[in-house]
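There are 4 protein chains.
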Amino acid sequence: MPLKTPEQYMESLRDGRVIYWEGERIDDITTHPLFQVPLALMRSDYDYHDPELGALRRYTTEDGSEAHRVFQIPRSEADLNTRVELMRGAMSIGTAVSSVFMALMSVKDDVGRVNPMYAKNIERIYQYCRDNDLRGAEVITDPKGDRRRRANEQDDPDLYVRIVERRADGIVVRGAKLHITAASVVHELVVMPTKAMKEIEADYAVSFSIPVNTPGVKIINRSFAPAELNSFDYPASAHHSCPEGFVVFDDVFVPWDRVFLAGEMQLAGTLARSLGLWERTGGVVESVKISELFVGLGQLVTEMQGKDHDPIAQNSIAELITYAEMLRMGLDYACRHYETSHSGMVYPNVLAINAAKYYYAANFHQTVRYLHDLGGGLTMTLPLEADLRNPESGHYMRKYLHTKAGVDVEARMRVHNLIRDLTADAYGGWQFVVALQAGGGLAAQRSMMNRTYPMARAKARALAAAGVKPA
Amino acid sequence: MPLKTPEQYMESLRDGRVIYWEGERIDDITTHPLFQVPLALMRSDYDYHDPELGALRRYTTEDGSEAHRVFQIPRSEADLNTRVELMRGAMSIGTAVSSVFMALMSVKDDVGRVNPMYAKNIERIYQYCRDNDLRGAEVITDPKGDRRRRANEQDDPDLYVRIVERRADGIVVRGAKLHITAASVVHELVVMPTKAMKEIEADYAVSFSIPVNTPGVKIINRSFAPAELNSFDYPASAHHSCPEGFVVFDDVFVPWDRVFLAGEMQLAGTLARSLGLWERTGGVVESVKISELFVGLGQLVTEMQGKDHDPIAQNSIAELITYAEMLRMGLDYACRHYETSHSGMVYPNVLAINAAKYYYAANFHQTVRYLHDLGGGLTMTLPLEADLRNPESGHYMRKYLHTKAGVDVEARMRVHNLIRDLTADAYGGWQFVVALQAGGGLAAQRSMMNRTYPMARAKARALAAAGVKPA
Amino acid sequence: MPLKTPEQYMESLRDGRVIYWEGERIDDITTHPLFQVPLALMRSDYDYHDPELGALRRYTTEDGSEAHRVFQIPRSEADLNTRVELMRGAMSIGTAVSSVFMALMSVKDDVGRVNPMYAKNIERIYQYCRDNDLRGAEVITDPKGDRRRRANEQDDPDLYVRIVERRADGIVVRGAKLHITAASVVHELVVMPTKAMKEIEADYAVSFSIPVNTPGVKIINRSFAPAELNSFDYPASAHHSCPEGFVVFDDVFVPWDRVFLAGEMQLAGTLARSLGLWERTGGVVESVKISELFVGLGQLVTEMQGKDHDPIAQNSIAELITYAEMLRMGLDYACRHYETSHSGMVYPNVLAINAAKYYYAANFHQTVRYLHDLGGGLTMTLPLEADLRNPESGHYMRKYLHTKAGVDVEARMRVHNLIRDLTADAYGGWQFVVALQAGGGLAAQRSMMNRTYPMARAKARALAAAGVKPA
Amino acid sequence: MPLKTPEQYMESLRDGRVIYWEGERIDDITTHPLFQVPLALMRSDYDYHDPELGALRRYTTEDGSEAHRVFQIPRSEADLNTRVELMRGAMSIGTAVSSVFMALMSVKDDVGRVNPMYAKNIERIYQYCRDNDLRGAEVITDPKGDRRRRANEQDDPDLYVRIVERRADGIVVRGAKLHITAASVVHELVVMPTKAMKEIEADYAVSFSIPVNTPGVKIINRSFAPAELNSFDYPASAHHSCPEGFVVFDDVFVPWDRVFLAGEMQLAGTLARSLGLWERTGGVVESVKISELFVGLGQLVTEMQGKDHDPIAQNSIAELITYAEMLRMGLDYACRHYETSHSGMVYPNVLAINAAKYYYAANFHQTVRYLHDLGGGLTMTLPLEADLRNPESGHYMRKYLHTKAGVDVEARMRVHNLIRDLTADAYGGWQFVVALQAGGGLAAQRSMMNRTYPMARAKARALAAAGVKPA
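Residue numbers (our numbering), protein chains in the order written: chain A, 1 to 471; chain B, 1 to 471; chain C, 1 to 471; chain D, 1 to 471.
So here's chain A without its partners, still in its complex pose:
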């Protein structure tokens, strides 16, 4: 089947999906104002004929067909670098979550050892989505209720997604999943267990993929962006919002050929962890982009007011550079020192990605402080474009926001607006939380570092340095 056109993508969303937002049930998201920015982004990822990015967006599968490159399983360092390039510049977050298929493929063999049917299902769904140019969401985090209790001990047994019925033709699941980026604008919901499960929690060890319009699926949306924003005042968020979904499974039937796990609790942890690497890789790619923007913005805002020789400003810019460079070097390392699965799939170095992602998350707030220090009060108090366009107020704004020859007032305003939009407004708030929480929060990254660091070597070297002879 050929690649979809942007129009075909839009058409494919008119499939009866049950969508709520701002108190309303929305029958056709393609025409609803709240969805215009996210859909414009999603649509652009189907622009395979863009002269600059089109070639990056597609690849030729082993079957000789063409598919979106998000489906390409890296088999070499070059593939990996191409994927990073795709993530960095040619794919919106709504499409990026289709990396979930890569996560699935990465554990296919492990899953197949327990039940070969699961492996076949993974393979089939992957090919189906790839060949039909569909998108899938990463559906992982359960509501979890009371954190001190296990899934089966909650007041309401549905606080983790669970199998409520096993039938000859499939399973019936009930529960909800939180923080599901792009759930309303993709085609498939790829559901994973949220964590490792004990034997007594076997009904919670469940994984599958179903279309968004499957009966019983309902999605309640939330976004930092209430609607369309002016791109002068909101240079980033006018173009980059994507709704998060609160996804409900109200006794949803899943046929066996879409099930990847149904009770084999020993696999729950494997599937749960499979997503983290790619989510965090996405976080590191984003960190490289945004931290470089911070340097550029910090320098511009400083130069534009003639403060580039101020030692304190130079100091703050150097701090921004350190952050940007350490992240860039971390990503480079992770790709160069890639790892390879038994089946030949290439993926970024796990320890490197986790260390870089943690460094990003743990230092994001403090780094923004340097940018806020450089930006000054105008970051918050700059009047809007509308006031600039009003001839009366605009006249004064142009006069008094002048700083020196070569600095265009509108450019200066846009720079301040981007700083505010990225770090001190609704989108900025989202950035703070996402930098910290995406891919599982600080604790998840720390835990992966503790697990994957070559500790035996470090201990041996420390013992040798301490003068302890090997036993």
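There's no promise every hint is true.
Just so you know, same-sequence chains aren't split out, so a pair can sit in one copy or run between any two.
Claimed, not checked - Each computed DSS-like pair below joins lysine-lysine, with the alpha-carbon atoms no more than 30 Å apart:
#, residue 1, residue 2
1, K144, K198
2, K469, K399
3, K4, K289
4, K120, K469
5, K469, K307
6, K399, K459
7, K399, K307
8, K120, K195
If you're looking for bench data, these hints aren't it; they were derived computationally from the structure.
Use these hints to put chains B, C and D onto chain A, whose structure you have.
Frame of chain A, contents of chains B, C and D only:
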């Protein structure tokens, strides 16, 4: 003249002032949607009969009349504590800026030594505003153009407010001032020089107070809050916004009896610095409030999901407590170890206020990181109240946001909403920048600490400890 | 009995105590080179006739006799301030640990409710030590073995001090205690349980006081200072070392009248926690001293090389000031907002002390970084006094270490030496660890903050701000 | 000429050099106790027949002779990696400073363009030292006197090294240089200007190389290690000390064929900066080593007391891992993305090295805090080996320092000792300062980052993101 009623305050704003916002010139701000939240706040400060706060809001002047307590010049530690109590709980930011009159009074004697008329003008304006229950804005920051050049060296001589004409009956001024909180909703614009001035900049050494509706004054507004917000989803910003003004003086005439400085450049620095102490005191009072909120929110969000025994969560809460307690102790110290001017005016300890404000500003971003770590992804992805009220989506939200007995889902949502609103949304962004920039930015506080620290004593003790005998 | 003279103190140490250091058993510590600096310090605390400090060192007891002020139980804010003054300037660490008697007295009533004999023993020992001008050590930390196991589950049951025999006339104890500051140079070892104990650990719930020369007591010493140091090169550590003791109880008999706890495990936690407050108060007093020294040293080293107008240097000094002032304000608050026990004993505010101590400990390393940045390479590479006194090398040192008029080369060297000695040499290393670990480490302070913060109020305010009505 | 043997190296130091230390003029350093540890290290670098490291230490020059690899000019990535391997594991600091010849060679062409004789002198000295297996010190930092004044404005014109006489056969120089690592134990002093010079400072634009025993050269030494230390108690510093030299040039004659710069002030900055890269590369290599040790030590000390499941300990270890991994990735990047000079010399990426070195320096203190938190009080209070070997005290130490099966008490002691030695003792203090100051301090790294960051690209991307069209 008696205290104004809230209605009289609203009436007093219909005075022909020239106000712009979102591209529109607004003739009557009292009826315009954008001004409803700020004006509700301003109006509440005129509620002198509130059973709880009314008494705190008013005091008896030395003339025996009643006035808003923002005009009370502290003469004792008790007065100072009362003022802090007022700042903490019974006065909005729009009224708080009337502290500018206290700043003026604090330098009245110094100014009078150079020109007795200025001192008389200060006294007169102070009494006039106090007796007519008016509000005044702190009008200080000039656009400044190219920071490497002095005021008189800019491409456009108007980039700092300056005297363009001296007449028998007064002066004519031109220029603009930025970041003027509440400018559109007060009565008087109290203008200060932004910094010390050299002899060649004498025309820029200018200070005065004029009514907002004076011909030639135009105010362009900006706020983080676009309009009225739902108080369930926006528990803080639904009630707390106040516009910042970009204030233009387009050849404004100021009669001599309203002038506090007109060319005596040796006083420019004195006036410029007079505001900082009270602005920073306001910042420290705010810091004590918000940091205590952070502790409460951190603990609530943790308990509500049953994580209160998690060591990492306890660690984050302890960090929030340290921040809150160090700030509270700093404010307490500043008030107890107050300073007294020659004329008997009591004010907070300057070094203490600057140290506490700096500690607040320098550590705000990092402290929020702890709260974001505790809050988790729900801080960003929680659906809106409207979806909770929709019976279909609301049913699922209540079911799946349940955690354990005793935790009300709506209360849980409100707690997450307040975390988001305060730290990860438009108002939160404003908080980040304001914590850093209000009262002059990190550099201004550092500079005041370097100036006011008892360095001679510290050096003597260090030399003694090093074994250096006093010369 | 009258106060001891310094000579009588020295004589009192020749009592047969069993002391090890550097592989040697030392029969008379008063003549051994390793003990000369510590004993000089201890001796100075017996100088009750010092014109400046003598009066501060002694007080009149309720019995009308004179005693060292370390025994004075504060009954008022003034008493508390006097005690802080004593701690700050007139008492060495070796005497300061006698605060252990205050800790005992603070829990006397609680202990007495379980067994009145214990309370009487506490009172008696307190009076005995006070009236005989003796010193006591805080003997608390057990070796603890494997931290995952309780006291009674260790491979060796002696890894926590325990009762091995109960006799008619007393108990026999076995075990060891670590990190016992000044153990070898005091008279009494006041032993406390290291933590709360469970019923099954009853034999480990033991507290008592015995003379250092009691049969079976052995002390192995350690200090950062190997012996006497030159006070030019080591301005601080030449005068301030005090050995830490590894104290062994090899089946030591303790008569009943010296026992404060013997099996009533419900009191173990009470006794264990009683010491923390005074240890941490000592830490905060020390922090105020050392942080002020850091400011003075930072400023001196900067001025002496003519860098006082360098913005980066000013920035670092402002950071040092912030640290010093926040600590000073914290101590001031803790004393002003003192707490009072049922029996009328006054002690510093517990939350304040823990917050300030935590702030001190958590930020000490980073603060030293600022001082190291100011100090430059000379902090490590400055030649010794001996080379200055050698006429050949000394000539060159004087010539090339000159910076400008008014800066004496020797004073400059002493300033660099003090920075190195305090922060970048053996004593400096001790400071880093002690700042962090004294009074129980970061975790202990965090835990006390979590326990003592007025959390109900903070939660109520947060709920009110979130719009949640009280139930 | 063949490679030297260790004995020949020792012999070569008996050349009449003028050396001072601890007030004494030392005639033969090879027999003096203070020099034994440094010379053992230096000697080991001449062990070309070590089965493990010998091959790494030598290489075949383009002339076919064998030389120490420190002289090998990297011409490929492989060469660069070999050099890093050499720096990491097979070369002491005293030999590492011979990298100064590489710095010289890297600017040879630039220098030659101004004066071909200088280039020839550089080439000749390089070959002479390489072929005679000599070592050279990096002699750069002047005393600088009053930092607000230029070299020629100081009270004493000698506060920067300068040319006092120009003769037909050479120049006479006077002045001193500080912080010269290994000056007393090498053969050549390679002198560089400390900074860029203005025209009026032309006499200070001077660079040359002379033997250590040249008449007029005098070296005053300083080290953190007073003499030989026990390697059980001091596992690191017993083996790793190297004296810093305060080097005096008392009217030293330098023949023209050893001069690299004599007045062409436009080259002073080029030479001054040439050293920084290799010094900082050395710092980054050291950082990778020490940070991995920190991880190993942190993990060992935690496991050994059974705390490896403690979440707070795991958190601290993850912080240590992040630091170690970010540094390791930075070094890897710097070598992979190497730069190449016009003459084909390969060197590490300048921006990468500066960013990694800054990250190392700026976070070293805080990182050590995590290790100190893990190490606990025993880091400071552990008794010495001598007490362990004494049967009486040793018995108790073995008994009470036991934690659990599989943990050897001596190994545990050694681990604690290494933590103390590396971070909380005299050597540890040196590490703090060296991490910060080596290669020029934080400001120098920041300045290099500000200079070398691809700012044009970052600004262009920021402008594009802000919506500013390219002009």
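Status of each hint after checking the structure:
no. : hint        : verdict
1   : K144 / K198 : within (15 Å within a copy, 33 Å between copies)
2   : K469 / K399 : between (75 Å within a copy, 21 Å between copies)
3   : K4 / K289   : within (29 Å within a copy, 53 Å between copies)
4   : K120 / K469 : neither (51 Å within a copy, 50 Å between copies)
5   : K469 / K307 : between (58 Å within a copy, 23 Å between copies)
6   : K399 / K459 : between (65 Å within a copy, 25 Å between copies)
7   : K399 / K307 : within (20 Å within a copy, 39 Å between copies)
8   : K120 / K195 : within (23 Å within a copy, 57 Å between copies)
Comparing the model with each numbered hint stated earlier shows that hint 4 is the single one that does not hold.
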